[in-house]
Amino acid sequence: MMQRTLTRDRGMGFGEKLASVSWPFIVLLCLLAGTGYAMLYSAAGGSPEPWAFRHGLRFGFGVLLMLSIALVDIRLILKLAWPLYLLGIGLLVLVALHGAVGKGAQRWLDLGPIQVQPSELMKIFLVIALASWFHRASIERVGNPLFLIPPLIAVAVPVVMVLRQPNLGNALITCMLAGVMLFVAGVRLWKFALVGGAVAVAAPIAYESLHDYQKNRILTFLNPESDPLGTGYHIIQSKIALGSGGMFGQGFVQGTQSQLNFLPEKQTDFIFTMLAEEFGFAGAAALLGLNLLVVLNGLAMAFSCRHQFGRLVAVGITTNFFLYVFVNIAMVMGAIPVGGVPLPLVSHGGSAMITVMIGFGVLMSVHVHRDVEIEGEQQA
Amino acid sequence: MKKEKGQRTVFTRRLVMLGLGKTALLGALGVRLWQLQVKESERYAVLADENRISMRLLPPPRGRITDRFGVPIAENRLNWRAMLVAERTDDVGATLATFSHVVPLTEAERTRIERDVRRRRRFVPVLVREFLDWEDMARLEVNAPDLPGIVTDVGQSRTYPYGEEFAHLIGYVAAPAEADLDGDPMLQLPGIRIGRAGLERAHDQALRGRAGRVQLEVNAVGRVIRELEREEGTPGQDVTTTLDAGLQQAVSRRIENDSAAVVVLDARNGEVMAMASTPSFDPNVFAEGVSSAQWRAWTSNRRNPLVNKAVAGLYAPGSTFKMVVALAALDSRLVAPGERIPCFGVTQLGDSKFHCWKRGGHGWLDMREAIKQSCDCYFYETAKRVGIDRIATMSRRFGLGVELDLELPGARSGLIPTRQWKMATQGVPWQQGETLVHGIGQGFTQVSPLQLAVMTARMVNGGRAIQPHLTRAVGGALQKGHRAEDWPALGIPEPHLRLMRESMSGVVNERGGTAWASRLPAELGVAMGGKTGTTQVRRITMAERERGLRRQEDLPYEWRHHALFVGFAPVEEPVYAVAVIVEHGGGGSAAAAPVARDVMLETLTRDPARRTSPPPPPTRPDQQRVAEAAAPGPARTERP
Chain A
1 MMQRTLTRDR GMGFGEKLAS VSWPFIVLLC LLAGTGYAML YSAAGGSPEP WAFRHGLRFG
61 FGVLLMLSIA LVDIRLILKL AWPLYLLGIG LLVLVALHGA VGKGAQRWLD LGPIQVQPSE
121 LMKIFLVIAL ASWFHRASIE RVGNPLFLIP PLIAVAVPVV MVLRQPNLGN ALITCMLAGV
181 MLFVAGVRLW KFALVGGAVA VAAPIAYESL HDYQKNRILT FLNPESDPLG TGYHIIQSKI
241 ALGSGGMFGQ GFVQGTQSQL NFLPEKQTDF IFTMLAEEFG FAGAAALLGL NLLVVLNGLA
301 MAFSCRHQFG RLVAVGITTN FFLYVFVNIA MVMGAIPVGG VPLPLVSHGG SAMITVMIGF
361 GVLMSVHVHR DVEIEGEQQA
Chain B
381 MKKEKGQRTV FTRRLVMLGL GKTALLGALG VRLWQLQVKE SERYAVLADE NRISMRLLPP
441 PRGRITDRFG VPIAENRLNW RAMLVAERTD DVGATLATFS HVVPLTEAER TRIERDVRRR
501 RRFVPVLVRE FLDWEDMARL EVNAPDLPGI VTDVGQSRTY PYGEEFAHLI GYVAAPAEAD
561 LDGDPMLQLP GIRIGRAGLE RAHDQALRGR AGRVQLEVNA VGRVIRELER EEGTPGQDVT
621 TTLDAGLQQA VSRRIENDSA AVVVLDARNG EVMAMASTPS FDPNVFAEGV SSAQWRAWTS
681 NRRNPLVNKA VAGLYAPGST FKMVVALAAL DSRLVAPGER IPCFGVTQLG DSKFHCWKRG
741 GHGWLDMREA IKQSCDCYFY ETAKRVGIDR IATMSRRFGL GVELDLELPG ARSGLIPTRQ
801 WKMATQGVPW QQGETLVHGI GQGFTQVSPL QLAVMTARMV NGGRAIQPHL TRAVGGALQK
861 GHRAEDWPAL GIPEPHLRLM RESMSGVVNE RGGTAWASRL PAELGVAMGG KTGTTQVRRI
921 TMAERERGLR RQEDLPYEWR HHALFVGFAP VEEPVYAVAV IVEHGGGGSA AAAPVARDVM
981 LETLTRDPAR RTSPPPPPTR PDQQRVAEAA APGPARTERP
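From first to last, the protein sequence lines stand for chains A and B. In terms of our numbering, the first sequence opens at residue 1 and continues consecutively. In terms of our numbering, the second sequence opens at residue 381 and continues consecutively.
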């Protein structure tokens, strides 16, 4: 087996690597991006401008980026895990100092042609860093609480920085992502229970330290109808749009809520609502299914990988994607507080698209290099 | 290898759990989605429709008010407006600067416009200037390429071609106040005007019409996407008044330099042919807003231009009241028509002396002569015999001291005193001396010129209890009361009424009558009857009487007597009744009778019975412009 791994690794040329890329997975991504194109076309009232065309272009660029990363040797990524992590922290520091303020929070870094949201990139780097930490660890070592302290610090640093932007939603998502990583790495369940209990105790205290707009979101979530024209407006309008979609929807470019702009930010956060209004429950369920396929496909890649680093990376990237999808859709349905999370590959937005495709590039690299042997795996 | 196995086993187990968990979570979303989209779909579909459909009201044109011949006295004129749509220009300031070159804007206007632009959504038109004239409109159209964002439209505003001459009758329109909101959604429309005074207010409901509706599909910020359904409103109904515009104009001009009021009635049915009160005001000013300086000038003017003296001015009737006293005497048979009562220039009652206006007295007079010469002593004696309560009863039958059915808001009912009234209000019993004073129309008695006209009309029309009215038709439908038979009889015996007519004819048409100087020219072939009246504004003191009465012209204006006259014509078969009061005019024969003569002359020569076609309406400069402007509409105009 080892022989095969070696030979395969040695012999893996450019073409062979390309051939081992999961093309069905890319087809799934294309379907998602295609849905995005169609919905952005509709959001503009039936025009490729100003969103759909650029969305397509970005996706094309994103696929190239993904394939390039897929060809990078997974061992190189492992070696670069901590440098990348530090790079991410550096970007977060930079954005805190020079970032553009959008919607009352410092999140964006203007890099000329594209804007980067370092907190998004950071999650990928964090996944890689955590994977590299746990990939060497045996179950016994994972059971040692002291062993868990460095990764927890590695999680805490970016989470605190993201919280200070302030971006509560993203910080929570980062925590959940890290939690899933620790879970599949084998951390004992009672430890999760312990942390969960601690959070429950700390929550009221934390609530007091939240910004007003964050408190508002939570309050609105608890009772959206209380302030129909204020913060609850988005959720109510979104629910009306969903409801008016019915079983088969109002038709492409026919959604009254979306086309008449009752729906806020329909090209970004609320694009799912728009799809659900125009294509009904059938269309919305299909998109849910498509996303589920992507997630399960990602988890399958994790399963088929033969080294722990790849498995953890795959789970992390997939979970990150899953969290985006879940939070976004739950949010537009009024199931969780509105949090400014886009629907990956469907929502308009360059930064998110590029970040997601970088993540999938890493996932694809795991898939391509699923059989390579990684040094140090046995020792620890 | 074993360690790796353990790691892998744990991983695989937890991976499966993770996969199941994620599937379950997405599945939960799907279930929730199914609830929202399929199970509760109907509820949300209704909400969605409410969201997108906006009802707008289309204001109907307000009905016109015309005179009895159809001559408009209140109509709508086109109001050309320039608006600014901020989103259609890159630079609001630059557009306004260019606009200023074409149509100068004041600094205050600019500030207001810029403030409005900031406050409204960028596609909502903001008013730049209204009441533009045709030249300004033409200049704006020519300069349109340099005025991005400027759009013009045309609305309607109320205009009164006769201005001051009908102000007290027509009233005016103004934006509704909070208290005016009566549930009619139309009143919420911006720019809507409702009747605030006069006939505009009395017939507001009919004039207003019913608003049309248009269902619009709007987006979340209120921008109109398209029109779904339109239901045209009903224009306001035209109100035809009983007035004769030409007569009204002539009457107003006759008294324009006085503080006076004139009422001309069709005695047969109570139609108000003319009703003027001077000084007046221009109701057109209200359409564009009254400046506070203007308002102060009106309210501080001692001649009260805002008050319609014809219905809201109360005066002692003076000698014009003597017919009522006479009729009460005849009715009670306490004085016979032919009975002669002496006048020695003064009547003694206890310690008090009551003077006749004529020093030295009239000698022995019967009723006819007493009215003709307006002898005071005769009526002191008559009143003493009849008593105040019978006089009061007769007064009310002739419309004095009672509320009349006129449509005009603000009419006052005046006061006819009785014993009971005095006891109730002052707590002092009635004195007989007061009866004497009231016998010549002085004392507490207060009546309006309209009431005097009604009194005269009822006296000469065969004793029918006509009510004065200004409305002939609403929306083309004749109103009740335009026929004489619509009115009930008062039940006064015809011989009594005939005596009054003959006496009043004597006042004007016989030498020695107090209005002989104001008789109608003989060549007209029609005679007028009437009665003069002069009422003291202040008591004449004994000292003054001893020094010799001064001429009225020598007194300060406020001290001069009010001059009154009531009259009718033709004497043989009365058609018109007139009442005139000239405040501080001096004497009734000198100041009021000439006005009545001129008014009656005008009325008789304009007699609608002799008229075939209505006269052309007067033209005013701004009206002409509207007529021109209405024909060639500018190409870029957006209609609201």
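Don't take each hint at face value.
[What the hints assert, rightly or not] Examples of chain B residues toward chain A, derived with CB under 8 Å: (1) Thr392; (2) Ala404; (3) Leu405; (4) Leu409; (5) Arg499; (6) Pro809; (7) Gln812; (8) Glu814.
Simulated from the structure, these hints should not be mistaken for laboratory data. Values in this document were obtained by computation on a predicted structure and should not be read as measured data. All C-beta atoms, glycine included, are put in the ideal place defined by N, C-alpha and C.
Do the hints match the structure? See the list:
no., hint, verdict
1, Thr392, "holds, 7 Å"
2, Ala404, "violated, 10 Å"
3, Leu405, "holds, 6 Å"
4, Leu409, "holds, 5 Å"
5, Arg499, "violated, 18 Å"
6, Pro809, "violated, 71 Å"
7, Gln812, "violated, 77 Å"
8, Glu814, "violated, 71 Å"
In terms of the numbered hints stated before, the structure departs from hints 2, 5, 6, 7, 8, listed from lowest to highest.
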